[in-house]
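Visitor: With chain W fixed as given, assemble chain U onto it according to the hints.
Chain order of the listed sequences is W and U. When we follow this note's numbering, the leftmost residue of the first sequence carries the number 1, and every step to the right adds one. When we follow this note's numbering, the leftmost residue of the second sequence carries the number 1, and every step to the right adds one.
Just to be clear, a hint being listed does not mean it is correct.
It does not matter which identical chain is used: a pair holds within one copy or between any two.
Stated by the list, open to error - Straight-line Cα separation of at most 35 Å, DSBU-like style, residue types lysine-lysine; simulated pairs:
no.: 1; residue 1: Lys551; residue 2: Lys463
no.: 2; residue 1: Lys261; residue 2: Lys56
no.: 3; residue 1: Lys261; residue 2: Lys173
no.: 4; residue 1: Lys551; residue 2: Lys56
no.: 5; residue 1: Lys56; residue 2: Lys173
no.: 6; residue 1: Lys173; residue 2: Lys2
no.: 7; residue 1: Lys195; residue 2: Lys173
no.: 8; residue 1: Lys2; residue 2: Lys551
no.: 9; residue 1: Lys525; residue 2: Lys551
Rather than coming from a laboratory, the hints here were simulated on the basis of the structure. These numbers come from a predicted model, not from an experiment.
Here is how the chains run, residue by residue.
Number of protein chains: 2
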Amino acid sequence: MKIALAQFNATVGDIDGNTARIIEMIGAAREASAHLVVFPELAVFGYPPKDLVRRKDLVARNADAVASIAASCRGVTAIVGYVEPDPAGAGKGVYNAAAVCADGAVVASYRKVLLPTYDVFDETRYFSAGAAPVVVPVATDDGPVHVGMTICEDFWNDRQFEGRRVYGVDPVKATVEAGASLLVNIGASPFVAGKQADREAIFADQVRECGVPLVSVNLVGGNDDLIFDGASFLVDSTGAVVARADAFGEELLIVETSRPKPNALRVYPDRIESIHRGLVLGLRDYVHKCGFADVVLGLSGGIDSAVTAALAVEALGADHVCGVAMPSRYSSDHSVEDARWLAENMSVRLTVIPIEDVHRAFESVVSSEFATAPDPAPGIAEENIQARIRGNLLMALSNKFGRLLLTTGNKSELAVGYCTIYGDMCGGLAVLSDVPKTTVYELARHLNVSAGRPWIPQRTIDKEPSAELRDDQRDQDSLPPYEQLDAILELYVERDLSVDEIVAGGFDRATVQRVARMVDLNEYKRQQAPTGLKVTSRAFGTGRRMPIAAKYR
Amino acid sequence: MKIALAQFNATVGDIDGNTARIIEMIGAAREASAHLVVFPELAVFGYPPKDLVRRKDLVARNADAVASIAASCRGVTAIVGYVEPDPAGAGKGVYNAAAVCADGAVVASYRKVLLPTYDVFDETRYFSAGAAPVVVPVATDDGPVHVGMTICEDFWNDRQFEGRRVYGVDPVKATVEAGASLLVNIGASPFVAGKQADREAIFADQVRECGVPLVSVNLVGGNDDLIFDGASFLVDSTGAVVARADAFGEELLIVETSRPKPNALRVYPDRIESIHRGLVLGLRDYVHKCGFADVVLGLSGGIDSAVTAALAVEALGADHVCGVAMPSRYSSDHSVEDARWLAENMSVRLTVIPIEDVHRAFESVVSSEFATAPDPAPGIAEENIQARIRGNLLMALSNKFGRLLLTTGNKSELAVGYCTIYGDMCGGLAVLSDVPKTTVYELARHLNVSAGRPWIPQRTIDKEPSAELRDDQRDQDSLPPYEQLDAILELYVERDLSVDEIVAGGFDRATVQRVARMVDLNEYKRQQAPTGLKVTSRAFGTGRRMPIAAKYR
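Chain W with its partners taken away, still in its complex shape (with noise of 0.2 Å):
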């Protein structure tokens, strides 16, 4: 049987473009005599589609789309996901459901039946869950092979769960007692570094339960801040990962199940490579999918801005991305000297402005009223002023020209709170939100070997971090060495620890009490951060979900 895979990039909300472009790809899989052509799931309205599925005028365009799929589908049999509305409008009116396209017609629709509610899933607030397998008999030149049906969640199946079973059904087994000789998985399953080793082993230890292959079928594209990374595959009877498409990309694998060839077998990156992949992906397709072509970003001389750079330029074109400086009194002079060696090995225009005459103003407005604080004497205050006139020059920069600007921090900062509301956080993007300082640096000297020279300068990666915004600043001066803090932040945000179970693993306590405190009361910054790429398997933002006026420790 010829399958083809149809590792889609789905624009959420844009029905009209999803479906042109799933008839074109469906056109291209009869061109390469496929009998099967598998989409991912919602490729015709989009992952996640939130709450445009309450929009009933939307939905009902998703199901006309649907029936003008399945009128164009003739030669193969198409599989691919949409809102199906109930007929009764029954439980929450609509089902995340694929469709079985076949001779002009949807033969068939399976509803899904797990439906995921947790970190960025939301599912049962929007879907109601189905209850029956469906398998289908496809027709191949050796005769009808009878696929079952599956949709993402269905085939997580609860097993590795943080360590317990959440759902009391099994639709996978249902399926294949129903008779599936070949399942399908279509899935939007967000990409977290680490996570495809995780997908294939679940999903292979299944196949070798039941004995039946199985072809996954992932979306691919970012859409706010999730990046689904494909890398779709076919899992054959005895539970091996035969084919494998690209993760990061589109793409239409096409593959006999009898004898697929090796280089339909492609290797997934490793874990630094995926994530600067991720990153890009992510990036890119935010940036288009808002209508903008150009970006703009503050570069400060530091590691975090520079990578970011670095990550717009492989995403947008050079020429897309514009770079600004804004040295203060306390910016060292490597400050704009890493700035624009940066910009020019990048070939990035760089725009320089410095903020001295903006600050004084500032600093004499506001002179009287300080005087009578409390604490007169500079602090974050003073800090934080200079910070929004960045912060403000940028968005002025971003309007004027409309640029969507990139907001450069990392998850480390916002975690602890280390970064200026309205200031540094700044932006349409956090394009380095998720990834923690010492991932920064990893990806920053990735990114150098990966290019062959010095594409971020060396000395932005040796010097001592420091946010500049007084004399003889340093990051250290304020947190723990960033190697103990991203533990710690590991353990406390990722896997939800207590300061007790992380002082177990061997950490200070006063250190561990003081991150957790920090993470804690800066929850107020985090609710108002631009929108961040998640590559961790817990991102701040939609997976993780914390009140603010709260009492807890």
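Guide: Frame of chain W; chain U shown alone:
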């Protein structure tokens, strides 16, 4: 039977503080010879707990707290909402539960059956659903009363929800069939203007069906965006509401169910007064529960900042409110005059900081770059610079003096993006961000009538609204008249109608399309907006989750 309705203001995560207050109120109920004292949903943990319920240490502490509450509970039966850990860690690992405490022990625990997962609610994200009714005999002077437990949504029971059945089970019916002679509902039902009438109608309707009286105890107090309005009530077996606690305040209301006193039936305030009192409560609790005593806000001389100031003075006291007027070259004379008049009228300290010098300094540093723009004529970029200078000044004062910054924008402008991100959108709490502009006017007039004097200056109410970011600017140059805008926004945002459906209601198509487009395109601003107090059926924020990088109309 004598019942104490313990309408309690819980703080999320403050398990020690909540527990101490609960034990105190149990004591007061026993003093008053109550047989039963009923606390709201999740009284021990606070509602909504959000991802804090994933913290095993906090769940364990909340379970210990229930044990200590039970140990102290003698001579009266107490029903207390808490997070119940599943003994086997199955499913989500925890239940939204009600402990029945008597004679020093937890004698039963009821697990919420219907878990709301729509609007601001995410309960299937966190909780496993219960399935079994719990009916407990409570000793009274006339023998045992069989008390049947329900929690919040169990009683809403989908009959009015968006016109369709969402749940397939009916826990109220099951509880009555299990022998309840008195129904208890413990809730955390957030305030929405007009909702109390629905609550009482829906609850009473079910009482009439089953003939069993009901005690409904609701949470009170603000927790982030949600305001809980209390107004707990008692429904007799004929379906009549015979007792009602105060709205928007803590109360231990003690009622003899066989002969409730007339003064136990408080009047629920009318619509505009309910919004007024709700906002005051929400503002006060947000500020205090975040650990602040004082607030600062910009006073532009306009209606939004005037109403916000009035609410802040009522919530916190004039000594805890500081106004800042920041006139520019475009400010009318009456702007600062009206701000001064307002501040004096309310005995609020006013600081005046003209922004001209800073504004000129900004213009000077961006001039050469701006001259290269495709359209160098002054526009949005130049206007936003001024708003962001003001945002920076307000945040500087907030940081320097430890005063929480209140944001003054209304729902209409947030909906269409008629506001500056990092400018007038700066702040910790957006007091009016769910109040449409027309309701802001209504509120201003209402505040003046309530005060019996022109508390808000009449000129502020009468003058044409303007952002004053360029010469002769008026809101109505950029927006449809507010009456029309607000009517369209209610249909588009609150009721999720499509453009076609709104036009069918008699609105001009071009205007509706323009408004809908503005709403859609400004989602990026709203996702970085401060927490806002919810007063309508659909507020921006946690109850409305839209994609940004999306294409839809």
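Visitor: Of all the hints numbered above, which does this structure not satisfy? Sort the numbers upward.
Guide: 1, 2
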